[in-house]
Amino acid sequence: MKHVNKDTLAAFAEDLNQLRDATKDKLGSQDARYIRKMIAIQRISEISGRILMVMGFISPLLWVLAVLLLALAKILDNMEIGHNVMHGQYDWMNDPNINSKKFEWDILGDAGSWKRYHNYEHHTYTNVIGKDRDFGYGIFRLSDDYAWRPKNRFQILHYLGLSTFFEWGIAYHELAAERIFVGKPKEHSELPISRKQLRRDFFSKMGRQLFKDYIFFPLLCWPVAVQVLVGNLIANILRNLWTSTIIFCGHFTEEAQTFTEDDIKDETQGQWYYRQILGSSNLEGSKVFHILTGHLSCQIEHHLFPDIPARHYPEMAKRVQEICTKYDIPYNTGSFFSQYKTVVQRIIKYSGPTQAEAALSN
Amino acid sequence: MSAYLEPPHTTNSFTRKLQVFWTWLAMILTNKESFAAYIESVIQLIKPEWRYKTLAAEVISTQKENKNIYTLTLKPKSKWSTFIPGQFVLLSAEINGRMLTRTFSISSAPRDFQETGFIEVTIRAQDKGSVTPWLRDQLRPGDFVYLSEAMGEFCLRSDHHKKVFIAAGSGITPIRSMLNEHRDSPWLKDAHLFFYLKNKDDAFFTKDLKILQDKGLNLHMMYTQDAGRFSIAQLEAGLSKHQANQSMTDIDYYICGPSNMIETTISLIASAGVSDSNIHFEYFGKAPLKLDTDTSDQAEFIQVDYLDSRKQVKFTSGTVTKTLLELAEDEGLKPVSGCRMGICHQCICKKKQGRVFNTKTQEYSDSGAEEIQLCLSIPVGDVELEL
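Chains as they are written, first to last, in this note's numbering: chain A, 1 to 362; chain B, 1 to 387.
There is no bait here: all hints are sound.
Cross-link-like lysine-lysine pairs, in silico, PhoX-like; alpha carbons within 20 angstroms at most: (1) A:Lys101 to B:Lys334; (2) A:Lys37 to B:Lys47; (3) A:Lys131 to A:Lys184; (4) A:Lys101 to B:Lys350; (5) A:Lys24 to B:Lys360; (6) A:Lys102 to B:Lys350; (7) B:Lys352 to A:Lys102; (8) B:Lys334 to A:Lys196; (9) A:Lys101 to B:Lys53; (10) A:Lys37 to B:Lys32; (11) B:Lys53 to A:Lys102; (12) A:Lys101 to B:Lys32.
Quick look at which bits of chain B chain A covers, simulated, 3 or more residues with Cβ under 8 angstroms: (13) 21 to 30; (14) 37 to 48; (15) 91 to 105; (16) 327 to 337.
These are calculated hints, taken from the structure and not from any lab test. Even glycine gets a Cβ: it sits at the ideal position worked out from N, Cα and C.
Sequences are here, hints too, so could you generate the full structure?
Below is the structure:
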């Protein structure tokens, strides 16, 4: 991490705080209307998707439309609604249904578990090697911080697998860290619930999701059970591919940096902001694209201000970029395709050993 | 938070089982606690005021009573049952996207509600309040607010004692409801109302009170600017004006007003020999308001209530520097928590009431019900938590 002097970072933080406060002052009924509208769109696409799924016998095109609608509903639910609501972006509304404590999403993983590792571990220790398990998910070698192992040779295939079944990865993430099923339990676990509870929540949520998509709805539409089951499966996979692609673009682009535990010792607010920016990357695109990514296309702004309603990020991004230019701090942004290309390149690049390691093994 | 309705009462076990199944199915299919919660936002596209488990009431009119006090006339949706004179409601409104709740007495009578379908709440606008001035200035006929069912036990006793009502300022509201309900009751002729106001300019409900007076109510308008605050001498003078040698002890007293007025009035009446069972009162002015930063000094102690764990802890005001999360943990409670710096939102908890200071935003909270982050919140007054 390039060293930036503390005073500069303090002034930098001051500018960002000003932006944060100015945006917070703007929050109001428009934001409430926005999230309710988004939820309404999600509901309508889910309900119409589920109904059209049955109409597949009239025309296969209807079935395709149904799958796309259901995938859209799941994407909206997970990204623009679920992810953002669970960050507490709408808690100020004081709405009993739209708040971070109550929200549960249409995905295999239990919301409570995700909030624990994502909101805390990932957002506090973003890209800190050994602290943020979201960096490579314990599967990928994405920097020289980890020594090369032979299994890394196939990590592009692992990547395709994880992408397809991403919701399983999300669901299992915390259980893997706590070694619930395999391995020796962590010695210094900070898990605030019992291991038994964690296991129970995992199975309960997984059971509900599988029952809904692969048993209940197919049986309900019995004569066309297979087309409903396959349609639901494809919708889930489309959602998995989309969310994983967007999320990989957030922290694993070529320029996204990693940090050591020493980097974060006695970190000031300015240093924290600085690290969040270095570890994240943005995607440029249209309004609809931003919504479909849950505004994770503005990953930098999301990491700076995780609890500000995400619809404000594109506007804030302009100012954040100006502030970064002013303090000569790199700001990683680009089009979706150019950023995603560097992600794939990075996965491939680190699937081989470093030159030193290669030389050693020879 | 806005008013929840009780779940529908069923005695039939089949119906109950069906409800349990329905809730289970909703959870499986929608990840929400009910299909209504799932579909809420869609219904709102057509009926913006519709809210799951919440009763809306249409604003009919806003009427100014005096320079601070105004009356809202509301038409609750037909599901709203009714009320007993003297009861209050929790009134919620979405103010700039945010649902805020306050408690107000109903100032109209049930018999008028049966006839018109309207109820009235009479409200004092708090200078620095975030709700009461808004309700007055922003609500237009046709807008919606949300109501709980009526609650409260400040109601008329069914004994045959004479009744004396002592009200100060907006404390008249539940008493107006009682008197209007009984405007044709025979006891009205023996009843006395002592209505304390600062001066004549502050007077309100004058038309109503005049009608009641014509029907026999013994009305005493007390202007503290001239007459001073409540005293036993005033009470005796008022009572004997219409009937000599009136005994003070076999009377039921109904008292409502600001808390210091209630306290002094009760202690004066009690020391004049009236038994506690004849004194009925309701603390008014509990209505939360936004105060300046050092309100914590007002009371000697502040108390934190952990409702779900049934624990209460008292602290000396101004000495609390720990967050509610730390305080709860000191009590051996284990609220789910995470980053302890306001990012992860795991320790979010419903505060039923009370003001807290948010260490992150450096702001004082609203005193009504809302979700707070325990790890950021320092109590500055009595706080009730669902924990």
